[in-house]
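Listed here are the chains, written in short residue letters.
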Amino acid sequence: MSLLLSTYRIIKFSIQNFFRNFWLSFITITIFILTLITVNAILIMNVMADAALTSVEERVEVSVYFTPEASEDLVKSVQGYLLGLGQVRDVEFITSEESLEVFKKRHESNPVILASLDEIAGNPFGHALIVAARSPEDFDFILESVQTPEFSPFIKETDKTDHEMIISNIQMLSSRVKLGGVAIATFFTLVAILIIFNTIRVAIYVHRDEIGIMKLVGANNWFIRGPFLLESLFYGLLATAVIVAILFLSLGALDPWIASYFGDIDVSVREYFIDNAVVIFGGQLVALSLLSLLTTLFAMRRYLRV
Amino acid sequence: MIKLSNVSKVYRPKTIALKNISLHIKPGEFVSIVGQSGSGKTTLAKLLFAEEGATKGKIVIGDWDISSIRQGDIPILRKQIGVVFQDFKLLPRKTVRENVAFALEVAGERGSRIKEIVPQVLKIVGLEDKTARYPRQLSGGEQQRVSIARALVHRPKIIVADEPTGNLDTIHSHEILQLLRKINEFGTTVVLVTHDRDIVNSLKKRVITIEDGEIISDVEHGKYVLS
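Protein sequences, first through last, are from chains A and B. Just so you know, the first sequence maps onto residues 1 to 306 in the numbering used here. Just so you know, the second sequence maps onto residues 1 to 227 in the numbering used here.
There may be inaccurate statements among the hints.
Stated by the list, open to error - Listed next, the in silico SDA-like pairs over lysine to any residue satisfying Cα-Cα at most 20 Å (straight line):
| # | chain 1 | residue 1 | chain 2 | residue 2 |
| --- | --- | --- | --- | --- |
| 1 | B | 89 | A | 54 |
| 2 | B | 94 | A | 14 |
| 3 | B | 79 | A | 205 |
| 4 | B | 46 | A | 212 |
| 5 | B | 223 | B | 37 |
| 6 | B | 94 | A | 211 |
| 7 | A | 12 | B | 113 |
| 8 | B | 115 | A | 5 |
| 9 | A | 156 | A | 72 |
| 10 | B | 79 | A | 211 |
| 11 | A | 12 | B | 110 |
| 12 | B | 58 | B | 37 |
| 13 | B | 115 | A | 156 |
| 14 | B | 79 | A | 222 |
| 15 | A | 12 | B | 108 |
| 16 | A | 178 | A | 54 |
| 17 | B | 89 | A | 212 |
| 18 | B | 94 | A | 210 |
| 19 | A | 12 | B | 204 |
| 20 | B | 89 | A | 208 |
| 21 | B | 94 | B | 114 |
| 22 | B | 56 | B | 24 |
| 23 | B | 157 | B | 131 |
| 24 | B | 46 | A | 208 |
| 25 | B | 94 | A | 72 |
Keep in mind the hints are simulated off the structure, nothing from the lab.
For reference, chain A alone in the conformation it holds in the complex (with noise of 0.2 Å):
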């Protein structure tokens, strides 16, 4: 028997298989694309996510007030010693001017409190160090760093509690969102394993006549299953090509507003998904043929006798 035939003759029969179940191919389809937008979701969110964090640990800085009796020299050095640190990314020195005409511009709207400033006759606020750590986990260092007997006597404050909060709320909600996207998933992947096990019965029913015949004159067992199983695989199949056309579709149209959203953050979830497309999308695709595969084997197990 040559080997083309046949898989030209396999292929000819799945294909009439599929659309004479169309409406139950066309629901199993429906289920694997459910699946697949809850897991590509999950993406997107991962994504968006990673995004976030970026954005809020390349703004997160901690703030080392100093008292009004603090030298620029001593705070100088200060930015010096910080400066020499591994975990140290930058330093931005404010004088007391500097953090006096900010001041006054922020509450510039509030009269009382410029009024009260204009009673203290003289300037407040003593220099300052914007400190920008290489990673959130070493602001617990830095400042330590800073508290010597030399310096900490002219710290009047140390900032930095807010973006903890942010940067653990990010994560939180990230790994929320990816915990209820994994159950949907789940929940989508158990239906669809009914659904093409359901499909692939009925199939086996409507074409019982059929399959009496090709086993009478002499098919053997994988020309018989052979249309089922590359049945379950357009599924897969087609379900992979329609979610690629719908995710570039839509990131097509979200990508800018996702972008204005994160502001000077370089982010484009089209672009991850372009990047990393074969990985993607050929893992989804083998994940389902997969799923197909086995759940058409078993159910074939159970309905063709052959």
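With chain A held as given, fit chain B onto it using these hints.
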């Protein structure tokens, strides 16, 4: 050609369909296996094309001991044995030509070969002018002829016909019988399973009679002996 030695078939839990059957059918023979309903004659036919396996004993087709045939070898056996059933087993959505060609397609025959063989066998069974008809547009006799044509496309050495005239009137039954005789004259061994007295008596060929799973007579130019 066909040799059965002490073949028994038991269906679980303990229905004995065949008991120690031994027989030998020579190449080119036309043998009728007769018996009443439930006598085991259809089980015997099913053993020949490995639709059922024997519980005990040895079945040899040609030089091939199929007593414990592997699942994967059954298609090879089926290409050597044409099978015809009482209910024709035709695909209703395929035409006469497509039904016959289907047997070759699933066996991996080339398209050009299918185009060559199908008209030939349809001519043998006298349906060359009805190739585009669907089974529902044919009489019972014609449908059975399509079924015989399909059984012939692999040029089998043996034809097993299980009650091929069971659904047909007398005229069509004799047409089918004539066709089987013609096929037999070409050298094909024909095993006809039937309980039709007229058919058996008109054949004047070897008759094996089965009752309660046992051969009770085997006569060279026999007649239907059951009441």
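Going down the list of hints, with the structure as the test:
1. Taking the CA atoms of residue 89 of chain B and residue 54 of chain A, the gap is near 69 Å; set against the 20 Å cutoff, the hint is violated.
2. Proximity of residue 94 of chain B to residue 14 of chain A is assessed by CA-CA distance (about 17 Å); at most 20 Å being required, the pair is judged to hold.
3. At roughly 25 Å between alpha-carbon atoms, residue 79 of chain B and residue 205 of chain A are farther apart than 20 Å, so this suggested pair is violated.
4. As the CA atoms of residue 46 of chain B and residue 212 of chain A are separated by approximately 14 Å, the hinted pair is consistent with the 20 Å bound.
5. In summary, the hint linking residue 223 of chain B to residue 37 of chain B is supported, as the alpha carbons are separated by about 18 Å, within the 20 Å threshold.
6. Taken as a hint, the residue 94 of chain B and residue 211 of chain A pair is honoured in the structure, with Cα atoms around 14 Å apart against an allowance of 20 Å.
7. For a cut-off of 20 Å, the pair hint linking residue 12 of chain A to residue 113 of chain B stands: about 19 Å separates their Cα positions.
8. Distance hint between residue 115 of chain B and residue 5 of chain A is fulfilled; the C-alpha atoms sit about 15 Å from each other, no more than 20 Å.
9. Straight-line distance between C-alpha atoms of residue 156 of chain A and residue 72 of chain A comes to about 15 Å, which keeps the hinted pair within the 20 Å bound.
10. Between residue 79 of chain B and residue 211 of chain A the CA atoms are separated by roughly 16 Å; this keeps the pair inside 20 Å, and the hint holds.
11. Proposed proximity of residue 12 of chain A and residue 110 of chain B is supported: the alpha carbons are some 15 Å apart, at most 20 Å.
12. Simply put, residue 58 of chain B and residue 37 of chain B have alpha-carbon atoms about 25 Å apart, too far for the 20 Å limit, and the pair is violated.
13. The hinted pair formed by residue 115 of chain B and residue 156 of chain A fails the criterion: a straight-line CA distance of about 98 Å is larger than 20 Å.
14. With a CA separation close to 16 Å, the supplied pair residue 79 of chain B and residue 222 of chain A stays within the 20 Å bound.
15. In summary, the hint linking residue 12 of chain A to residue 108 of chain B is supported, as the alpha carbons are separated by about 13 Å, within the 20 Å threshold.
16. Proposed proximity of residue 178 of chain A and residue 54 of chain A is supported: the alpha carbons are some 18 Å apart, at most 20 Å.
17. Under the criterion of a C-alpha separation no larger than 20 Å, the hint pairing residue 89 of chain B with residue 212 of chain A is consistent with the structure, at around 8 Å.
18. Of the supplied pair hints, the one linking residue 94 of chain B and residue 210 of chain A holds, its CA atoms being roughly 11 Å apart against a limit of 20 Å.
19. Between the alpha carbons of residue 12 of chain A and residue 204 of chain B the distance comes to roughly 47 Å, so the proposed pair goes past 20 Å and is violated.
20. Restraint check: the Cα-Cα separation between residue 89 of chain B and residue 208 of chain A comes to about 11 Å, which is no more than 20 Å; the hinted pair holds.
21. A threshold of 20 Å between alpha carbons decides the hint, and for residue 94 of chain B with residue 114 of chain B the separation of about 15 Å falls inside it, so the pair holds.
22. Between residue 56 of chain B and residue 24 of chain B, the direct Cα distance comes to roughly 17 Å. Compliance with the 20 Å bound is thereby established for this hinted pair.
23. With a C-alpha separation of about 25 Å, the suggested pairing of residue 157 of chain B with residue 131 of chain B is violated against the 20 Å cut-off.
24. For the suggested pair residue 46 of chain B and residue 208 of chain A, the alpha carbons sit about 19 Å apart, so the restraint of at most 20 Å is met.
25. Restraint check for residue 94 of chain B and residue 72 of chain A: the C-alpha separation of about 97 Å exceeds 20 Å, so the hint is violated.
Hint violations for this structure: numbers 1, 3, 12, 13, 19, 23, 25, all remaining hints satisfied.
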